[in-house]
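J.: What follows is each chain in one-letter form.
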Amino acid sequence: MTSETISRTTNTPKTEAELAEIVAGHFAGCQPLRTMGGGTRVQADHIAGDTLTTRAMSGVVTYEPGEMTLIARAGTPLWEIEAMLVSEGQALAFEPPDLRGVLGSDGTPTIGGMVAANASGPRGIMAGACRDHLLGVRFVDGQGRVLKNGGRVMKNVTGLDLSKLLCGSFGTLGILTEVAMKTLPHAQARGTLAIRGVDDAEALRTFTTALATPFEISGAAFHDGTAWLRIEGLPPQLAYRQKRLQELFGAYEITFLDAEATVTLWRDLRDVAHFAGTDTPLWRVPVKPSDAPALTASLRALGGQTSLDWGGGLIWYCGPGEASAVRDIAPHAMLVRRGGVEGSAFPRQSAAVERLSQELRRKFDPAGILNPGLMGG
Amino acid sequence: MAMPQPDERILERAPQIVTALRGVLPEDAVIDDPQETLAYECDALTAYRCAPLAVVLPRTTAEVAEAMRVCGVMGVPVVPRGAGTSLAGGALPTADCVVIGTARLNQVLEIDTDNRFIRVQTGVTNLSVSEVLEPHGFFYAPDPSSQLACTIAGNIAMNSGGAHCLKYGVTTNNLMGATVVLTTGEIVELGGAELASSGLDLLGLLCGSEGQLGIVTEAFLRILPRPEGARPMLIGFDSPEVAGECVARIIRSGVLPVAIEYMDEPCLRAVEDFAQAGYPKCAAVLIVEVEGSPDEIADQIARIRAIADELEPVEFRESRNADDALAIWKGRKSAFGAMGRLGDYICLDGTVPVGQLPHTLRRIGELSKQHGLEVANVFHAGDGNMHPLILFNANEPGQLERAEAFGADILRLCVEVGGCLTGEHGVGVEKRDLMDVQYDAPDLAMQMEVKDVFDPTWILNPAKVFPLQASAAHRLKAVQ
Ligand SMILES: Cc1cc2nc3c(=O)[nH]c(=O)nc-3n(C[C@H](O)[C@H](O)[C@H](O)COP(=O)(O)OP(=O)(O)OC[C@H]3O[C@@H](n4cnc5c(N)ncnc54)[C@H](O)[C@@H]3O)c2cc1C
Ligand SMILES: Cc1cc2nc3c(=O)[nH]c(=O)nc-3n(C[C@H](O)[C@H](O)[C@H](O)COP(=O)(O)OP(=O)(O)OC[C@H]3O[C@@H](n4cnc5c(N)ncnc54)[C@H](O)[C@@H]3O)c2cc1C
Numbered sequence: 505m506t507s508e509t510i511s512r513t514t515n516t517p518k519t520e521a522e523l524a525e526i527v528a529g530h531f532a533g534c535q536p537l538r539t540m541g542g543g544t545r546v547q548a549d550h551i552a553g554d555t556l557t558t559r560a561m562s563g564v565v566t567y568e569p570g571e572m573t574l575i576a577r578a579g580t581p582l583w584e585i586e587a588m589l590v591s592e593g594q595a596l597a598f599e600p601p602d603l604r605g606v607l608g609s610d611g612t613p614t615i616g617g618m619v620a621a622n623a624s625g626p627r628g629i630m631a632g633a634c635r636d637h638l639l640g641v642r643f644v645d646g647q648g649r650v651l652k653n654g655g656r657v658m659k660n661v662t663g664l665d666l667s668k669l670l671c672g673s674f675g676t677l678g679i680l681t682e683v684a685m686k687t688l689p690h691a692q693a694r695g696t697l698a699i700r701g702v703d704d705a706e707a708l709r710t711f712t713t714a715l716a717t718p719f720e721i722s723g724a725a726f727h728d729g730t731a732w733l734r735i736e737g738l739p740p741q742l743a744y745r746q747k748r749l750q751e752l753f754g755a756y757e758i759t760f761l762d763a764e765a766t767v768t769l770w771r772d773l774r775d776v777a778h779f780a781g782t783d784t785p786l787w788r789v790p791v792k793p794s795d796a797p798a799l800t801a802s803l804r805a806l807g808g809q810t811s812l813d814w815g816g817g818l819i820w821y822c823g824p825g826e827a828s829a830v831r832d833i834a835p836h837a838m839l840v841r842r843g844g845v846e847g848s849a850f851p852r853q854s855a856a857v858e859r860l861s862q863e864l865r866r867k868f869d870p871a872g873i874l875n876p877g878l879m880g881g
Numbered sequence: 439m440a441m442p443q444p445d446e447r448i449l450e451r452a453p454q455i456v457t458a459l460r461g462v463l464p465e466d467a468v469i470d471d472p473q474e475t476l477a478y479e480c481d482a483l484t485a486y487r488c489a490p491l492a493v494v495l496p497r498t499t500a501e502v503a504e505a506m507r508v509c510g511v512m513g514v515p516v517v518p519r520g521a522g523t524s525l526a527g528g529a530l531p532t533a534d535c536v537v538i539g540t541a542r543l544n545q546v547l548e549i550d551t552d553n554r555f556i557r558v559q560t561g562v563t564n565l566s567v568s569e570v571l572e573p574h575g576f577f578y579a580p581d582p583s584s585q586l587a588c589t590i591a592g593n594i595a596m597n598s599g600g601a602h603c604l605k606y607g608v609t610t611n612n613l614m615g616a617t618v619v620l621t622t623g624e625i626v627e628l629g630g631a632e633l634a635s636s637g638l639d640l641l642g643l644l645c646g647s648e649g650q651l652g653i654v655t656e657a658f659l660r661i662l663p664r665p666e667g668a669r670p671m672l673i674g675f676d677s678p679e680v681a682g683e684c685v686a687r688i689i690r691s692g693v694l695p696v697a698i699e700y701m702d703e704p705c706l707r708a709v710e711d712f713a714q715a716g717y718p719k720c721a722a723v724l725i726v727e728v729e730g731s732p733d734e735i736a737d738q739i740a741r742i743r744a745i746a747d748e749l750e751p752v753e754f755r756e757s758r759n760a761d762d763a764l765a766i767w768k769g770r771k772s773a774f775g776a777m778g779r780l781g782d783y784i785c786l787d788g789t790v791p792v793g794q795l796p797h798t799l800r801r802i803g804e805l806s807k808q809h810g811l812e813v814a815n816v817f818h819a820g821d822g823n824m825h826p827l828i829l830f831n832a833n834e835p836g837q838l839e840r841a842e843a844f845g846a847d848i849l850r851l852c853v854e855v856g857g858c859l860t861g862e863h864g865v866g867v868e869k870r871d872l873m874d875v876q877y878d879a880p881d882l883a884m885q886m887e888v889k890d891v892f893d894p895t896w897i898l899n900p901a902k903v904f905p906l907q908a909s910a911a912h913r914l915k916a917v918q
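Note that the protein sequences, when read in sequence, are chains A and B. This note's numbering puts the first sequence at residues 505 to 881. This note's numbering puts the second sequence at residues 439 to 918.
Watch out, some of these pointers could steer you wrong.
[Claimed, not checked] EDC-like mimics (lysine to aspartate or glutamate), calculated; alpha carbons at most 16 Å apart, straight line:
id: 1; chain 1: B; residue 1: Lys768; chain 2: B; residue 2: Glu750
id: 2; chain 1: A; residue 1: Lys747; chain 2: B; residue 2: Asp733
id: 3; chain 1: A; residue 1: Lys652; chain 2: B; residue 2: Glu703
id: 4; chain 1: A; residue 1: Lys867; chain 2: B; residue 2: Asp881
id: 5; chain 1: A; residue 1: Lys792; chain 2: B; residue 2: Asp550
id: 6; chain 1: A; residue 1: Lys867; chain 2: B; residue 2: Asp890
id: 7; chain 1: A; residue 1: Lys652; chain 2: B; residue 2: Asp878
id: 8; chain 1: A; residue 1: Lys652; chain 2: B; residue 2: Asp874
id: 9; chain 1: B; residue 1: Lys719; chain 2: B; residue 2: Glu703
id: 10; chain 1: B; residue 1: Lys771; chain 2: B; residue 2: Asp733
id: 11; chain 1: A; residue 1: Lys792; chain 2: B; residue 2: Asp878
[As the list claims (entries may be wrong)] For the chain B half of the interface with chain A, some residues (derived, Cβ under 8 Å), not all of them:
id: 12; residue: Asn544
id: 13; residue: Asn553
id: 14; residue: Ser583
id: 15; residue: Gln585
id: 16; residue: Glu627
id: 17; residue: Leu640
Simulated from the structure, these hints should not be mistaken for laboratory data. Glycine included, every Cβ here is placed at the ideal spot set by N, Cα and C.
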């Protein structure tokens with residue numbers, strides 16, 4: 505039986521209460537639920553059960569630019585959030601990627617899906633990931649209980665930080681209904697140094713040098729012989745940092761990309777556009793940066809191509825390598841685009857971490873109805 | 439503040455417990471001499487004291503694991519301890535507990551500037567981490583005011599922040615990995631030298647968990663290149679509202695200072711008497727610090743000056759050199775000492791949304807009259823983390839209780855305006871029984887179920903963080 509022939513009910517609750525009722529019903533009947541936001545993630549067909557989407561739970565609850573805080577319902581489209589922030593000169597500093605191109609999916613990415621995936625892009629090297637900007641959540645657990653954690657303030661150490669757990673849990677602990685995020689002022693000026701004609705090892709050396717300067721490099725990526733360094737800030741900061749970095753890398757062939765080119769380039773790097781439009785499996789591998797050149801060489805030996813982000817701390821591998829071979833080289837590899845590869849998309853954890861994770865999952869979802877089979881559960 | 443009665447059955451077995459610990463640890467690692475255990479009777483919340491049954495000071499993760507295993511098997515509560523600078527009573531022992539301290543876990547294990555991390559045993563002090571990094575041109579960003587004494591272990595357990603966290607975040611944003619000893623004695627590695635890990639964010643859960651989930655023995659910390667320079671400016675206003683407005687406008691303008699500190703009039707008075715910092719006489723002073731090259735700094739100061747000028751400050755003083763900078767920070771740095779001279783005080787730690795600062799300050803003033811106790815405010819304004827200091831006289835019966843009641847009212851106010859009970863000092867025993875102001879019963883129940891996963895019999899720092907009544911059933915499991 506192919507996935508298309510499984511008949512599923514799609515639940516599209518409009519309120520938190522309605523959502524809680526649906527989950528409580530499925531909990532009582534031990535019926536699995538396949539949770540989603542905008543459904544831009546493909547390859548979820550193997551997850552059993554009815555679909556539950558937060559798509560209809562949309563809208564910004566509060567946005568206070570002077571406090572740098574935003575609270576939105578989980579189903580709010582990300583583009584809507586981003587447009588609103590831009591109008592106030594702010595942004596989500598961690599640059600959540602839009603992987604529709606890479607995944608060949610349609611639909612609209614939601615802010616809940618972003619948090620559930622801890623979706624974070626190139627600026628993570630300076631600003632941290634989604635989880636670093638998440639202030640609080642409301643969610644419905646696997647029994648249909650409406651719970652909250654954190655709040656809407658920058659600093660909060662009141663009790664255990666369950667928000668962090670929910671962030672990156674891919675809908676396996678609970679269904680987010682509302683998220684509170686920290687926003688940041690959008691840099692007023694930006695530019696990119698492009699260092700051409702280098703290989704992985706040289707790219708890494710330029711990254712290491714640049715990232716040891718106080719110039720707040722906000723992106724350091726490499727693909728196809730070019731290493732890019734993004735700088736941002738107030739206009740005088742940009743001019744000064746550009747000058748100092750050009751001096752530092754005087755021996756290389758450098759071009760400077762202006763603001764407009766910078767925006768386009770880093771959007772493409774963020775969305776891994778260079779590996780879009782094919783079916784070849786795509787892997788995302790966090791590494792210790794100094795290991796990156798050797799790892800990329802080993803991965804390319806399996807066939808395919810690699811690129812680097814996060815100053816060498818993240819390898820993208822697009823190639824036909826077998827899952828076991830990829831994971832032998834890179835144990836932390838996560839499969840983002842299946843391209844026919846079987847097995848779990850998530851890397852294996854140590855036995856102790858796996859046990860703790862599964863026990864946590866049982867506390868949040870005692871009947872095992874939330875995205876069963878995903879994340880090893 | 440109520441603490442559960444010590445368990446008689448544990449007290450009776452004290453000699454066997456100490457013998458068992460001595461059996462697995464080096465001779466000098468176990469302390470049970472009542473003269474010596476007295477040094478561990480409290481943390482910086484000194485109103486509450488109780489010497490522990492014994493103190494263990496291991497030198498390695500393996501020794502922590504051995505000690506933990508013994509306590510686990512024998513059902514003895516364990517209170518982890520760093521330097522004991524917690525202000526919430528998080529490291530407060532009970533008579534039937536063993537304190538496991540990180541004081542001797544003080545090795546720097548690895549400095550890796552190419553991969554921008556430092557790996558340490560968690561008993562190192564916060565300041566010493568930045569000191570060993572200095573010759574490399576790097577620093578560790580979280581800088582609690584207690585940094586001279588407090589340990590990375592305590593920082594992780596409390597998710598501590600400091601004056602510079604507006605720009606650099608708090609501990610959780612700078613922690614890449616940790617080695618944790620579970621109550622079974624099992625050693626678990628979370629995260630590491632990579633910038634991201636997949637799977638559930640157990641490291642994020644651990645950070646700020648106040649010694650509820652495991653004992654942290656080693657850590658990977660993210661390090662940053664040192665800025666070229668930094669300069670503060672001082673801005674005085676004759677109204678707290680306008681000072682609050684200035685904070686919001688700076689943040690909206692796109693300039694991101696590394697610190698925005700706020701001192702109110704009672705605090706300014708005390709500081710002037712104590713330190714003669716030469717601050718203006720006014721209702722509120724902001725200290726704003728920016729970083730960068732000399733030109734970058736000049737540009738940022740000019741932008742902030744333009745914002746402040748629109749609000750007609752009483753004074754705008756920018757530092758031109760290191761001496762000016764020192765003079766501007768002098769009063770702020772001595773604020774706690776200055777207040778200490780006026781009498782006893784309790785230091786609160788609520789956070790409010792920045793926009794609610796003026797309203798909150800006004801209400802605190804009203805509550806001060808109502809309770810008949812003076813209060814002074816000095817805090818990190820950029821992120822709304824307030825530290826009202828309530829002055830009282832500990833020698834006068836009933837005054838501590840009055841100060842605590844006033845403090846509880848202020849913390850309720852913080853939650854009421856959309857904030858939280860604690861921004862950096864933690865819940866400990868101090869705010870334990872206020873937790874239900876911020877969280878409903880099911881929210882707390884879920885948190886306690888999470889503790890169950892890591893510590894099924896609740897032997898790690900029980901009677902902290904969660905309201906005693908709410909946690910009673912969980913704690914009972916330890917006894918059975
Ligand atoms: C295997 C895989 C790995 C990925 N890894 C990353 C990554 O590491 N970093 C990254 O930036 N992007 C990653 N992505 C892309 C990421 O899924 C999307 O950027 C984002 O989640 C899209 O939002 P959406 O609303 O379309 O989510 P969907 O595609 O609908 O769902 C994404 C995930 O989040 C869950 N989810 C959605 N809404 C909620 C909610 N309200 N509450 C709880 N759970 C919810 C879903 O169950 C699903 O697991 C990955 C995609 C796949 C397929
Ligand atoms: C004058 C002064 C100024 C302060 N300023 C700040 C400030 O600016 N910002 C701020 O955030 N805090 C501040 N604090 C509070 C305090 O210094 C911090 O919370 C600090 O992180 C505590 O570290 P410590 O080593 O003293 O920990 P301790 O006080 O010994 O312990 C604190 C908590 O951590 C737990 N713990 C200790 N070691 C471990 C371990 N190895 N594993 C698991 N749990 C453990 C303890 O059980 C306890 O719950 C200040 C305190 C003082 C006295």
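J.: Taking the hints in turn, state whether each one holds.
T.: The hints, checked one at a time:
With a C-alpha separation of about 24 Å, the suggested pair Lys768 of chain B and Glu750 of chain B falls outside the 16 Å cut-off, and the hint is violated. Under the criterion of a C-alpha separation no larger than 16 Å, the hint pairing Lys747 of chain A with Asp733 of chain B is consistent with the structure, at around 13 Å. Only pairs whose Cα atoms come within 16 Å are accepted, and Lys652 of chain A paired with Glu703 of chain B is rejected, the gap being roughly 37 Å. Pair hint Lys867 of chain A plus Asp881 of chain B holds up; C-alpha atoms about 13 Å apart against a cutoff of 16 Å.
In summary, the hint linking Lys792 of chain A to Asp550 of chain B is supported, as the alpha carbons are separated by about 11 Å, within the 16 Å threshold. For the suggested pair Lys867 of chain A and Asp890 of chain B, the alpha carbons sit about 9 Å apart, so the restraint of at most 16 Å is met. Taking the CA atoms of Lys652 of chain A and Asp878 of chain B, the gap is near 9 Å; set against the 16 Å cutoff, the hint holds. In summary, the hint linking Lys652 of chain A to Asp874 of chain B is supported, as the alpha carbons are separated by about 13 Å, within the 16 Å threshold.
Restraint check for Lys719 of chain B and Glu703 of chain B: the C-alpha separation of about 8 Å stays at or below 16 Å, so the hint holds. With a C-alpha separation of about 27 Å, the suggested pairing of Lys771 of chain B with Asp733 of chain B is violated against the 16 Å cut-off. With a C-alpha separation of about 41 Å, the suggested pairing of Lys792 of chain A with Asp878 of chain B is violated against the 16 Å cut-off. Restraint check, Asn544 of chain B versus chain A: the minimum CB separation of about 25 Å is more than 8 Å; hint violated.
The restraint placing Asn553 of chain B at the interface with chain A holds, with a minimum CB-CB distance near 5 Å, inside the 8 Å limit. The closest approach between the C-beta of Ser583 of chain B and any C-beta of chain A is roughly 14 Å, which is over the 8 Å cut-off, so the hint fails. Below 8 Å, beta-carbon pairs count as interface contacts, and Gln585 of chain B has none with chain A, the closest being about 17 Å; its hint is therefore violated. Using the Cβ-Cβ criterion of 8 Å, the hint placing Glu627 of chain B at the interface with chain A is satisfied: the shortest such distance is roughly 7 Å.
Nearest Cβ of chain A to the Cβ of Leu640 of chain B: about 6 Å, under the 8 Å cut. The hint holds.
The structure is inconsistent with the numbered hints 1, 3, 10, 11, 12, 14 and 15, although it conforms to all the rest.
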